[in-house]
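Asker: Chain A is already provided as a structure; the job is to place chain B on it using the hints.
Residue numbers (our numbering), protein chains in the order written: chain A, 1 to 111; chain B, 1 to 143.
Don't take each hint at face value.
[Said to hold, decoys possible] One side of the interface only, derived from the structure: several residues of chain B facing chain A at Cβ under 7 Å:
1) D5
2) W33
3) A53
4) G55
5) E78
6) K120
7) G124
8) T126
9) G128
10) W129
These aren't lab readings, by the way, just hints derived from the structure by calculation.
The beta-carbon is built from N, C-alpha and C at its ideal position, and this holds for glycine as well.
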Amino acid sequence: MPDDIEVIAEQVFTALADPSRRAILAALASGGPATATDLAARLPITRQAIAKHLGLLTDAGLVTAEPGERRRIRYRLRSAPMKVAQQFLAALARDWDSPLDALKEHLDRGA
Amino acid sequence: MGFPDRIERTVALAHPPARVWAALTTAEGLAAWFGEEADIDLRPGGAARMRWASGYAVEMRVERVEEPAVFGFTWQIEELPDDDPRRTYVEFTLEPDGAGTRLTVVETGFAQLPEDAYRKVYDGHTQGWASELGELAGYLDAR
Chain A
1 MPDDIEVIAE QVFTALADPS RRAILAALAS GGPATATDLA ARLPITRQAI AKHLGLLTDA
61 GLVTAEPGER RRIRYRLRSA PMKVAQQFLA ALARDWDSPL DALKEHLDRG A
Chain B
1 MGFPDRIERT VALAHPPARV WAALTTAEGL AAWFGEEADI DLRPGGAARM RWASGYAVEM
61 RVERVEEPAV FGFTWQIEEL PDDDPRRTYV EFTLEPDGAG TRLTVVETGF AQLPEDAYRK
121 VYDGHTQGWA SELGELAGYL DAR
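Isolated chain A (complex conformation):
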């Protein structure tokens, strides 16, 4: 699992860029841990696509496989990389906010 903040953020954003992966993460967030078969039954996504997406989400550290026999393996959400991405977004928002505030102040003074 990567520890560099940029690498983690990039993997999170890549993972979230795909609507099927967002649906898988949302299903795990609302329904708790689930197997690939459970997810395929609940979502309009084929088992093969679920298998591929779970591989990518596991590599990104966003989900983790609980120990178990094949086909019974349950996947659980991991929020740590999401928090890293959140920090990344917060830092960007801060950098944008201050010039925007300065601009607003400038315009308000001119009015």
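Answerer: Leaving out everything else, chain B in the frame of chain A:
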């Protein structure tokens, strides 16, 4: 009116047919861009299989092997039980295109699906080939 039976997609790859052929027809190639593990007995009638860490596996049967131009296989349909005999047929056609390859994939047989499974499988494979061929290009470019 029946369902569309066929998905077709063409991509231009910056690698000669021999390299694309190896990516499509060897266990090493398939495991690198498509499955997470793969094995293949490359002859008409030969068995092939891909599996993923989540436990999902797909059984394939090699149908056409005309190196380095045509590779075809049938495979199980995901939304049907494992012992269901219905299969879709996937055929890759490789044409030299300058120094690279024009690769076309055609998958047929969707019309035999029951109505409740059709939309999910057809849409899934339509998106699936778009992303898989992207992964194939990424795998070839990275080497």
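Asker: Each of the hints needs a verdict: does it hold here or not?
Answerer: Status of each hint after checking the structure:
no.	hint	in the structure
1	D5	violated, 17 Å
2	W33	violated, 11 Å
3	A53	holds, 6 Å
4	G55	holds, 4 Å
5	E78	holds, 4 Å
6	K120	holds, 5 Å
7	G124	holds, 4 Å
8	T126	violated, 11 Å
9	G128	holds, 6 Å
10	W129	violated, 11 Å
The structure fails hints 1, 2, 8 and 10 (numbered hints given earlier, in ascending order).
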